[in-house]
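Asker: As they're listed, the protein sequences go chains G and R.
For the first sequence, position 19 (counting from the first letter as 1) is numbered 19 according to the numbering used here, and the numbering increases by one without interruption.
Throughout, the numbering used here is defined as the position within the second sequence, counted from one, plus 1000.
Be careful, since some hints might not be right.
Stated by the list, open to error - Straight-line C-alpha distance at most 20 Å; calculated EDC-like pairs for lysine to aspartate or glutamate:
| hint | chain 1 | residue 1 | chain 2 | residue 2 |
| --- | --- | --- | --- | --- |
| 1 | R | K1414 | R | E1456 |
| 2 | G | K221 | R | E1236 |
| 3 | G | K63 | G | D202 |
| 4 | R | K1198 | R | E1263 |
| 5 | R | K1195 | R | E1270 |
| 6 | R | K1383 | R | D1397 |
| 7 | R | K1198 | G | E245 |
| 8 | G | K224 | R | E1238 |
| 9 | R | K1315 | G | E245 |
| 10 | G | K224 | R | E1240 |
| 11 | G | K94 | G | E13 |
| 12 | R | K1418 | R | E1453 |
| 13 | R | K1418 | R | E1270 |
| 14 | R | K1225 | R | E1236 |
| 15 | R | K1195 | G | E217 |
| 16 | R | K1445 | R | E1390 |
| 17 | R | K1225 | G | D202 |
| 18 | G | K55 | G | D14 |
| 19 | R | K1410 | R | E1269 |
| 20 | R | K1471 | R | E1486 |
| 21 | G | K63 | R | E1228 |
| 22 | R | K1413 | R | E1270 |
| 23 | G | K221 | R | E1240 |
| 24 | G | K221 | R | E1238 |
| 25 | G | K11 | G | E67 |
| 26 | R | K1410 | R | D1455 |
| 27 | R | K1377 | R | E1390 |
| 28 | R | K1418 | R | E1269 |
| 29 | R | K1348 | R | E1470 |
| 30 | G | K224 | R | E1236 |
Calculated from the structure, these hints are not laboratory results.
Given the structure is predicted, the values throughout are model-derived calculations rather than measurements.
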Amino acid sequence: MVSVVLNTDVKQEDAGNAVVVAVTSRALFESGLEDDDAGVWKLSLAFPLLQAVQKVNDCLLEKNPAESLLLDVLLITTDSQHQKLSSLLISSTKHHGLGVGKFCFASEETFVDSLLENNVQLFLSTNKDEVQTASQKGVPSAMLEARKKDSSVSCQREDLRVWLDEDLISLRDSASEPGSRHSPQRFLAKLGEIRQRFSVSDSPLWISLVILHGSRENCGKRLKTLRSLGVSVDDVYCLAGAPSEPLLSVLQPHFRFNCCFMD
Amino acid sequence: MGQRVLREGGPAWWKQMGRLQHTCRTWVHAGAAQEESCVEQRVAFVPPGWDAERNNPDSGRVAGEGVRNLRKRSGLCSSSDFGRRGLVYAGPDPACDTHHCSVFIDAADDSSSVCLFGWRVFFVLGEHSVPIHLSGLSAQPEGLSMVKMSLDPVQVMSGQVQDIKVPPSSNGESRGSWEEKEFDQKQLDQTTKPKPPKPENAVTIAVSSRVLFRTEREQKVYEQKGVEEYLRYQVEHENEPFAPGPAFPFVKALETVNIRLRELYPQSEELFDIVLVTYNHAHVGIRLINTINHHNLFIERFCMTGGSSPIGYLKAWQTNLYLSADAEKVREALSEGIAAATMFMSDKMTTVSESQLRVAFDGDAVLFSDESERIFKAHGLDKFFEHERENEDRLLDHGPFKGFLEALAKLQKKFYAKGQRLNCPIRTYLVTARSAASSGIRALKTLRAWGLEVDEALFLAGAPKGPMLEKIRPHIFFDDQMFHVEGAAEMGTVAAHVPYGVAQLHSKKK
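With the hints as constraints, model all of the structure from the sequences given.
Answerer: What follows is the structure in structure tokens.
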């Protein structure tokens, strides 16, 4: 059974224009480890992401209090174990004051359908299989990146850092459904639109394009494709096969999104 | 001029590869050349094993049996040049295409056929010579062999004979026949782009966009109108490529070396890898890519950081050299152990070789540490000499550029291993204010102890470096003192400043 519960602590956003970002419960909470005092779960990997998303929303609203193009976070359970612990999840979320708009309690079998039903435009998880399954069904998905500055409870709010690339290997493996081709583009277009709300030097959202393999011709084409979608990236790296780990540790993106560029 | 060209040059002449600036039409024909009417343009063939340093021009010693035979046959016997440094034939041919030159070698020798395997060919104009790529060469025991050569100086010759079919033509009378023989130009072109090497195997050179290209106009827009306007300007002019900047000839020379390395070692990844690094925003990306395409540069790796520092991953990618227009960034790189230097725009740039990479280094605070310079600055010249004398046998500590010189030396050895010592497309120079008789000894001993050699060491004993550099024509000269950098630039040498060591405290800030 799938159910969606609204977080009453958080102002609900205009469903029409908001960009729904789903994060798995396992990515947000370290399950099983209870905070002694409050009986709630400790925060995990996805916390910095939520903070960054919050920062973007705050900046958007600062520029325009009536802004409807905001990031709407949905917390989703993707296995039956967590599905049963709905009240604990809700209370932990509220305890930490997280900007989660909705909760969706689903299981392994049903979570993708939930994602689709809730018009999720970006699904973030720490589980590779989940990411792959969701992608195949047409939901733009990405793995959450571990942060270098580890503390899951960092006070300083960072900008939201997005790394765009084309991971050709996984692209080859996944057989995407016919309709799914457009979803990454739709998400990118929205991302680009949000980025456009800010100036070059003063933005809480930072978009990097990384071309892992291939030539500069490839890179030029990708830049133009992104531009046609309305996405202007902030920095671009053409690695031509050089290892990406050093770049990863400098850029520290919150997630790496496979653009699935179609030639 | 004329046939005296070779003789007056002497051994040093062979090392000099000047840029060809001519549109001469010439062909070289054996047997029919008249000494008196020889034009200045000529082609010289140097036999394999002929050592420019050791063979005295007047010694008469010549390598290779075939040379003597050819000389006898040629009828060009009056000039003693022939057979000593190789064969030179020259003659006028107004019909010849400006970019091609046909060479006819009289190989009619009844005792043996002339084997031109391993010969090197130079095209000579006045005091300059340029090695030529031979597209095909075969020796036939009778008649003439025809070879068509391209005069594109960038195509550096390989030491191997290419086996393509050369139609045996008759003895030069029927001009028509060899004029028609067109070689497929594509054979000479590189049609497939090679894959870029892995960073750990290659010598990685990171160059910023402001030194590879000229971006002064855009800089002005940035300074006067701010970043948004600057980016708008860049996007507006996206299809206009930038003009070459001070690091451009250096990068082109690196690519020339790569071409030679790939010919000799097709599987090796020990090459130069050029990375474009800029703090520019990605909006400039397309314009930079268009510019790289326009200039036909082989740069596949680049980073446009949008403002954040690339030093972290430059270090991880084992960057051997970083060139930038911004002294701060250069200092940052130096502090991370990357050899780095600041480059400046200059209106005067003398022409440099397109076939041989030449890199010149200052000694103290560049190749070596600044310890001696400290003594000099603190206590004066006499104390400096005394210190150097006392410490003659103690090695100098290494400076920021020792590693880069090592990387160059490693590539040089690859050429030597294939018998290309004379024809090595990398040449290194030490240009130091130390004097040969005294303080220079310590420098040489140190280099020797490190297992490093420079091809030429110039001890100026305090004389200005500009004139000497103007003779050498390096693609780049590294010095820690702005005084020398400026002096070099005044005379047209591309000089880069290494902001390292005690000299930085005393120099005027730019």
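Asker: Next, verify each hint and record whether it holds.
Answerer: Cross-check of the supplied hints:
The straight-line distance between the Cα atoms of R/K1414 and R/E1456 is roughly 19 Å, inside the 20 Å bound, and the hint therefore holds. Distance hint between G/K221 and R/E1236 is fulfilled; the C-alpha atoms sit about 18 Å from each other, no more than 20 Å. Only pairs whose Cα atoms come within 20 Å are accepted, and G/K63 paired with G/D202 is accepted, the gap being roughly 12 Å. Distance restraint check for R/K1198 and R/E1263: the Cα-Cα separation of roughly 18 Å lies within the 20 Å cut-off, and the hinted pair is therefore satisfied.
Straight-line distance between C-alpha atoms of R/K1195 and R/E1270 comes to about 12 Å, which keeps the hinted pair within the 20 Å bound. Pair hint R/K1383 plus R/D1397 holds up; C-alpha atoms about 19 Å apart against a cutoff of 20 Å. Proposed proximity of R/K1198 and G/E245 is supported: the alpha carbons are some 14 Å apart, at most 20 Å. Of the supplied pair hints, the one linking G/K224 and R/E1238 holds, its CA atoms being roughly 12 Å apart against a limit of 20 Å.
About 12 Å separates the Cα atoms of R/K1315 and G/E245, which keeps this hinted pair within 20 Å; it holds. For the suggested pair G/K224 and R/E1240, the alpha carbons sit about 16 Å apart, so the restraint of at most 20 Å is met. Between G/K94 and G/E13 the CA atoms are separated by roughly 18 Å; this keeps the pair inside 20 Å, and the hint holds. Between R/K1418 and R/E1453 the alpha-carbon distance is near 18 Å, which keeps this suggested pair within the 20 Å criterion.
Taken as a hint, the R/K1418 and R/E1270 pair is honoured in the structure, with Cα atoms around 15 Å apart against an allowance of 20 Å. Taken as a hint, the R/K1225 and R/E1236 pair is honoured in the structure, with Cα atoms around 15 Å apart against an allowance of 20 Å. Our distance criterion of 20 Å between C-alpha atoms is met by R/K1195 and G/E217, whose separation comes to about 14 Å. A threshold of 20 Å between alpha carbons decides the hint, and for R/K1445 with R/E1390 the separation of about 14 Å falls inside it, so the pair holds.
For the suggested pair R/K1225 and G/D202, the alpha carbons sit about 17 Å apart, so the restraint of at most 20 Å is met. Annotation: proposed proximity of G/K55 to G/D14 holds, straight-line Cα distance about 18 Å (limit 20 Å). Proximity of R/K1410 to R/E1269 is assessed by CA-CA distance (about 13 Å); at most 20 Å being required, the pair is judged to hold. Between R/K1471 and R/E1486 the alpha-carbon distance is near 16 Å, which keeps this suggested pair within the 20 Å criterion.
A hinted pair counts as satisfied when its Cα atoms are at most 20 Å apart, and G/K63 with R/E1228 qualifies at roughly 18 Å. With a C-alpha separation of about 12 Å, the suggested pairing of R/K1413 with R/E1270 holds against the 20 Å cut-off. In summary, the hint linking G/K221 to R/E1240 is supported, as the alpha carbons are separated by about 17 Å, within the 20 Å threshold. Simply put, G/K221 and R/E1238 have alpha-carbon atoms about 14 Å apart, close enough for the 20 Å limit, and the pair holds.
For the given pair, G/K11 sits about 13 Å from G/E67 by alpha-carbon distance, which is consistent with the 20 Å threshold. Distance restraint check for R/K1410 and R/D1455: the Cα-Cα separation of roughly 13 Å lies within the 20 Å cut-off, and the hinted pair is therefore satisfied. A C-alpha spacing of about 18 Å is found between R/K1377 and R/E1390, which places the hinted pair at or below 20 Å, so the restraint holds. Restraint check: the Cα-Cα separation between R/K1418 and R/E1269 comes to about 17 Å, which is no more than 20 Å; the hinted pair holds.
At most 20 Å may separate the alpha-carbon atoms for a hinted pair to count; R/K1348 and R/E1470 meet this at roughly 12 Å. Taking the CA atoms of G/K224 and R/E1236, the gap is near 14 Å; set against the 20 Å cutoff, the hint holds.
In terms of the numbered hints stated before, the structure departs from none.
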